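Using the sequences provided together with the hints, build the complete structure.
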Amino acid sequence: MFQDEDLIEGCKNGDKRTQRRLYEQYSSALMSVACRYSRTEEDARDIVQESFIKIFKKIGTFRNESSLKHWMRRIVVNTAINFQRSKLYLYPMMDVNDMYDLKEEAMALSDYSFQELLNLLQRLPDGCRVIFNLYAIEGYKHKEIAEMTGVTEGTSKSQFSRARKLLKAMIEESEIERYCYAKERG
174 MFQDEDLIEG CKNGDKRTQR RLYEQYSSAL MSVACRYSRT EEDARDIVQE
224 SFIKIFKKIG TFRNESSLKH WMRRIVVNTA INFQRSKLYL YPMMDVNDMY
274 DLKEEAMALS DYSFQELLNL LQRLPDGCRV IFNLYAIEGY KHKEIAEMTG
324 VTEGTSKSQF SRARKLLKAM IEESEIERYC YAKERG
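If you want the numbering used here, it's the 1-based position in the sequence shown plus 173.
Rather than coming from a laboratory, the hints here were simulated on the basis of the structure.
Possibly wrong hints are sitting among the right ones.
[To be verified] Here are the simulated distance ranges between beta carbons:
id, residue 1, residue 2, range
1, Glu346, Gly233, 42 to 52 Å
2, Lys185, Arg296, 38 to 48 Å
3, Ser205, Ser239, 16 to 26 Å
4, Ser239, Asp179, 16 to 26 Å
5, Phe235, Ile349, 41 to 51 Å
6, Gly187, Asn237, 18 to 28 Å
7, Phe287, Glu197, 18 to 28 Å
8, Gly187, Glu326, 39 to 49 Å
9, Gln222, Ser286, 22 to 32 Å
10, Gln288, Lys227, 24 to 34 Å
11, Arg190, Lys316, 35 to 45 Å
12, Glu345, Gln176, 44 to 54 Å
13, His243, Arg190, 22 to 32 Å
14, Ser347, Asp188, 23 to 33 Å
[Stated by the list, open to error] Pairs of lysine to any residue residues, derived as SDA-like cross-links and limited to a Cα-Cα distance of at most 20 Å, are as follows:
id, residue 1, residue 2
15, Lys341, Tyr308
16, Lys330, Ile310
17, Lys338, Leu290
18, Lys227, Glu238
19, Lys242, Arg190
20, Lys185, Asp219
21, Lys341, Asp299
22, Lys242, Asp219
23, Lys185, Phe256
24, Lys227, Trp244
25, Lys189, Gly233
26, Lys231, Thr213
27, Lys189, Phe175
28, Lys314, Arg296
29, Lys314, Lys231
30, Lys314, Glu326
31, Lys227, Met321
32, Lys227, Ile248
33, Lys231, Gln198
34, Lys189, Lys231
35, Lys338, Leu297
36, Lys185, Trp244
37, Lys230, Arg212
38, Lys185, Tyr196
39, Lys230, Asp177
40, Lys230, Arg247
Remember, it's a predicted structure, so these values are computed and weren't measured experimentally.
Ideal placement from N, C-alpha and C gives every residue a C-beta, glycine not left out.
See below:
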């Protein structure tokens, strides 16, 4: 594992070996971020590849205000949003007051593996998936999401609400399938 400072300096100087080391050190972590925003692994790979091109071009602008990993993660998120922007189909406003208890949702999700959760997220419509990731996983506020994606704050809230409803329905469906499978097996 190489020190971030050495990686940054080498990449600023255009050293191909250092760029490769940076890629090898961080590509899997950034791929997991990209997978949450894309429907397919191929799209996620495209997002990561495009992100690394941007990272190598912009590494000279990196200011140690945050960690290198956080800075690169932000580039991946922005690249994923731009990648999805043309595909976004944003649904009409919904009642945001129809929210569920987060503790209950967290308990339901704890029974799932990372891959199962990723599969559920990838089944969400593009707009819902992007907003859900930005709000629930990345921790952005709806106002920030609106600025990043070009939608209204209300649309961001309604997309998040819709994503939660869809995920809840998928989890309930999955639970029924698990129950039936367990019952069949005895």
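Going through the hints against the structure:
no.	hint	in the structure
1	Glu346 with Gly233: 42 to 52 Å	holds (49 Å)
2	Lys185 with Arg296: 38 to 48 Å	holds (41 Å)
3	Ser205 with Ser239: 16 to 26 Å	holds (19 Å)
4	Ser239 with Asp179: 16 to 26 Å	holds (18 Å)
5	Phe235 with Ile349: 41 to 51 Å	holds (48 Å)
6	Gly187 with Asn237: 18 to 28 Å	holds (20 Å)
7	Phe287 with Glu197: 18 to 28 Å	holds (21 Å)
8	Gly187 with Glu326: 39 to 49 Å	holds (41 Å)
9	Gln222 with Ser286: 22 to 32 Å	holds (27 Å)
10	Gln288 with Lys227: 24 to 34 Å	holds (28 Å)
11	Arg190 with Lys316: 35 to 45 Å	holds (42 Å)
12	Glu345 with Gln176: 44 to 54 Å	holds (47 Å)
13	His243 with Arg190: 22 to 32 Å	holds (24 Å)
14	Ser347 with Asp188: 23 to 33 Å	violated (47 Å)
15	Lys341 with Tyr308	holds (17 Å)
16	Lys330 with Ile310	holds (15 Å)
17	Lys338 with Leu290	holds (15 Å)
18	Lys227 with Glu238	holds (18 Å)
19	Lys242 with Arg190	holds (19 Å)
20	Lys185 with Asp219	violated (23 Å)
21	Lys341 with Asp299	holds (17 Å)
22	Lys242 with Asp219	holds (19 Å)
23	Lys185 with Phe256	violated (26 Å)
24	Lys227 with Trp244	holds (11 Å)
25	Lys189 with Gly233	holds (15 Å)
26	Lys231 with Thr213	violated (27 Å)
27	Lys189 with Phe175	holds (15 Å)
28	Lys314 with Arg296	violated (23 Å)
29	Lys314 with Lys231	violated (26 Å)
30	Lys314 with Glu326	holds (9 Å)
31	Lys227 with Met321	holds (17 Å)
32	Lys227 with Ile248	holds (8 Å)
33	Lys231 with Gln198	holds (18 Å)
34	Lys189 with Lys231	holds (15 Å)
35	Lys338 with Leu297	holds (10 Å)
36	Lys185 with Trp244	holds (15 Å)
37	Lys230 with Arg212	violated (27 Å)
38	Lys185 with Tyr196	holds (14 Å)
39	Lys230 with Asp177	holds (17 Å)
40	Lys230 with Arg247	holds (15 Å)
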